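Residues per chain are reported as follows:
Protein chains: 2
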Amino acid sequence: MKKNLVFAQSGGPTSVINATCYGIITEAKKHGLKVFASKYGIEGILKDNLIDATEISDRDLNILRYSPSAAFGSCRYKLKDGDFEKICEIFEKYRIGYFLYIGGNDSMDTAHRLSEYVINTGRDIKVIGLPKTIDNDLTNTYCCPGYGSAAKFVATSVREMALDADVYDKEAVTIVEVMGRDSGFLTAASALARDEVVDAPHLIYLPEVPFEEDVFLSDVERVFRKKGKVFITTSEGIKDKSGNYPYLRDGKCDAFGNMQMGGVSRYLEHLVRENITKRVKVIEFSIIQRSAAHIASLVDNQVATMVGKVGVEKILNGTSDVMISIEKTDTGFEAGTVPLAKVANYTKSIPIEWIDQQNRWVTQDAIEYMLPLIQGQVDIPYENGLPKYIRFI
Amino acid sequence: MKKNLVFAQSGGPTSVINATCYGIITEAKKHGLKVFASKYGIEGILKDNLIDATEISDRDLNILRYSPSAAFGSCRYKLKDGDFEKICEIFEKYRIGYFLYIGGNDSMDTAHRLSEYVINTGRDIKVIGLPKTIDNDLTNTYCCPGYGSAAKFVATSVREMALDADVYDKEAVTIVEVMGRDSGFLTAASALARDEVVDAPHLIYLPEVPFEEDVFLSDVERVFRKKGKVFITTSEGIKDKSGNYPYLRDGKCDAFGNMQMGGVSRYLEHLVRENITKRVKVIEFSIIQRSAAHIASLVDNQVATMVGKVGVEKILNGTSDVMISIEKTDTGFEAGTVPLAKVANYTKSIPIEWIDQQNRWVTQDAIEYMLPLIQGQVDIPYENGLPKYIRFI
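Protein chains in written order, with numbering that gives the first Met the number 0: chain A, 0 to 392; chain B, 0 to 392.
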C-alpha cells in the first residue's frame, strides 16, 4: 500500500516557509503522493490535527507560494521522550512513510531524534529536515530560506528610512533594531542599504562582537561630530564581554519597561540621549521584518520552493536523517544533503573576518555573500490594491 | 525678461513628495521655464540655498519620481514677520515670479501670508500651495498626496503581521501604533487589511473618538474571550474626554520612558498586560510608514505627479493664492483649486458617521473612500536587488 507524506513547520515564521510548502505539495502531487499538513507544527501530529494538503486548489497553491507566515501554523514545542511513540502511532493511523520537518536547528535536532527512534523501533519511516530561519544560522548550508527575504526588507527599509532621517538640516541619531539573538547576518544585511546616494548605516552592531558602552559612545560621537547625523543598526542580541545583554545589567534599565528581548534599542537610545544628543529616534522592525512578503526576495522564494521539491524527491528515493542544504553554484543555487546530526543544535555566526570591527561595518566578502540572496522581486497576486494571502488554520 | 520658478517642501516627508517635484520639473521644462529647488524647505530660500532643478537628467528625474522622503530636504520652520521681505529679496535675485510650496495646513498658511505680502508690497509673484501629508487632514480636497501610499503600507503590513501573529496556537494580543495626531485616516486604513482570510484588525482606536480605559479593556476582553487573539491598531493621537493623551496622565506612565508621542502603544500594552494577558506584542510603524516607497500606491504617485504638473500650469496662467485640490471623478482624479485661506490652519478629521463606535471599526463608506487611493503598484527602478533612490541634498 502506498505510503503518505506529512510535513510540519516549527519555530518563527518567515516570508517563504509557504513557498517550501508549495514546493512539497506540487512535487508530491506529481508523484501521486497524498500529502498531509500538520496544523501548528509537530503539535498537530501529537493532537491528530492533520489536513489533506493535496486537496488545495491550484489557485490557492499559487497564493500560498507568496504568502508570509506559516499557512498551516507553527509551534515552539520541544518533544518529550514520550511523544515519539505517540507520533509513530499517528503516522501509522495516516499510513505516513515520509516526514518533512521545516525549521531551524532545534527542529533539526527533533527530526534527528525522531529518525533514530523510528530506526530503533524497526519502523520504515523516512525523515528529512528542511531549513528555515531568518537568522541564517544553520551550519553546513550556504544559506537558509527566509533569510534573503528578511535581508531584502531590512536593506530596503534602512535605505528608505535613512533618506527620511536626513530630510531636515538638523542633528539626528537614528537607531534601528534588527532580529538575531546570536547571529548577526540579518543586521549585517543593513549594510546593503549603502550606495552612492545613501551612506547609512554608519555603524552596525553585531552579536558576534562584544559590546562596550564607552566604545559605542565614542563611535557615535565620532560620526556625530563629522556628519551631524548618525544612522545605527543593531542586533537585538548584542552582548557584553561576559556574554550578558548589557541592558539587563544592574537594574540600569528600570525605566525601559519589561526586561525582554527588544530592549536593546531603548537602551542605546538612553545612552545617546544622556551623552550626545536628545534628537534620537528608535525603530524596532519587530515582526514586520519576517512577514513583509510583499518585498520578498525572488531568489529566496525560489530556493525555498526548491528545498521543498528536492525534499520530496530525496525522501521518495529512500534518503533519511538528512537536512536539505543549499549550495551556491556559478549560475545560482542547488540543493544537497547534510546529515541531521551535523546540523542539529549547531549555530552559525558571521565569520569574524567578515566583520570590520574598526569601522563597525562588514567587509566586501560579506556584501558579496549577501547580495545574491536578495535578488529579484516576487510577482505576488494583488487584489483591491493589496497583496492577496492565504492560510489554512 | 522671463521669470523663473522656485519650489520648496515643508514638514514631514512622504513616499510621493518627490513625484510632485517630478511633476513640477517636467511640466516647467515643457514651458521652457527655469526651475529652482530650495534646499531644506523655505529655509533654503532664506539662506540663499537654491539649486537649478532644470539640470537634473531624465534618468535621475525618473528615479526622483519613485524616491521617498524629500529629495531636496524639508524643514519645520515657521516664518517670522521679518522673513517675508528677505524671501522677496532672494526672489528678486533669482528673478522668481512663481513660487510653489508643497506642504500641509501650516504650510498653506505660510503660502497665504506670503501671497498677501507680495500683493501688499506691489510685487508680481504668484504663489500656489501643493498638498502633501500622510495624515490626509487638509480640507477642501478629496485627499492628500502621501496618504494613499502610507495607507497602502499600513494595510499591507497589518495584513502580513496579522498572519504572523496568528501562527501559534496560543493566546496573543498585538498592538500596532500608527501615525496621526488629530486625524485617524491613516489608522483607519488598517481596516483595509481585513478580507475573507485575515480578520484583523479586530479593534481600531481613532483620535476622533475619546479614549476610555475601561471601555478599551472591555473591548479587548470581549475579543480575547471569543478568539484568544486580539489585533489592535491605534492612532498615536488618541485622547481622553478632556482632550489629553491618556498615557501622560498623573505620572502613570513613568515606566514607559520619555513622555513624547509614540508612547500610546506602550501604554495600551501595559493595560493589557496588567489586566488581560502577558502575551502582548507592540509594533510602532514609526517613520517606516511614511517612507516605504517600495509599496507606494500607483494612484497616489500619479495624483502627486498631477498636482505638481497642474500647479505649474495654473501658476503660469496667473493663478495665485490657491492650493491645488484633488477631486474624485467617475474614472479617476482631477485637479482643481481652492483659496489658500480656506485651507490654511484647518484640519479635517474622519467624518464621525464613518466610525462604527460600537465595534471599534469603520463603515463601508470609509472603506469605499480609502480603497481607490491605494490602487496599483509603482514600477520603481531596482539595482542590485534593492530599490534605487535619489536625493539632491
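For the record, the hints were derived by calculation from the structure and aren't laboratory data. Predicted, not measured: the structure shown is a model, and the values here were computed from it. Any given hint could turn out to be false.
Since copy identity is lost for identical chains, a pair holds within one copy or between any two.
[Said to hold, decoys possible] Below 30 Å or equal to it, Euclidean Cα-Cα: the simulated DSBU-like pairs (lysine-lysine) are: (1) LYS280 x LYS238; (2) LYS387 x LYS85; (3) LYS85 x LYS280; (4) LYS387 x LYS228; (5) LYS341 x LYS280; (6) LYS226 x LYS29; (7) LYS238 x LYS277; (8) LYS280 x LYS77; (9) LYS347 x LYS77; (10) LYS228 x LYS327; (11) LYS277 x LYS79; (12) LYS277 x LYS92; (13) LYS46 x LYS228; (14) LYS277 x LYS327; (15) LYS280 x LYS79; (16) LYS1 x LYS226; (17) LYS341 x LYS277; (18) LYS228 x LYS85.
Do the hints match the structure? See the list:
1. LYS280 x LYS238: Cα proximity of LYS280 and LYS238: in one copy and across copies (22 Å, 23 Å).
2. LYS387 x LYS85: neither (37 Å within a copy, 53 Å between copies)
3. LYS85 x LYS280: neither (51 Å within a copy, 34 Å between copies)
4. LYS387 x LYS228: between (39 Å within a copy, 22 Å between copies)
5. LYS341 x LYS280: neither (42 Å within a copy, 35 Å between copies)
6. LYS226 x LYS29: neither (59 Å within a copy, 38 Å between copies)
7. LYS238 x LYS277: Both: 25 Å inside a copy, 26 Å across copies.
8. LYS280 x LYS77: Intra 38 Å, inter 23 Å, cutoff 30 Å: inter-copy only.
9. LYS347 x LYS77: Cα proximity of LYS347 and LYS77: one copy only (21 Å, versus 53 Å across).
10. LYS228 x LYS327: For LYS228 and LYS327, the Cα distance exceeds 30 Å both inside one copy (38 Å) and across copies (41 Å).
11. LYS277 x LYS79: Classified as between; 26 Å across copies, 50 Å inside a copy.
12. LYS277 x LYS92: neither (63 Å within a copy, 38 Å between copies)
13. LYS46 x LYS228: Classified as between: cross-chain Cα gap 21 Å, same-chain 54 Å, threshold 30 Å.
14. LYS277 x LYS327: Answer is neither; intra-copy 46 Å and inter-copy 43 Å both fail.
15. LYS280 x LYS79: between (44 Å within a copy, 28 Å between copies)
16. LYS1 x LYS226: Intra 68 Å, inter 39 Å, cutoff 30 Å: neither.
17. LYS341 x LYS277: neither (49 Å within a copy, 37 Å between copies)
18. LYS228 x LYS85: Close across copies (29 Å), not inside one copy (58 Å); limit 30 Å.
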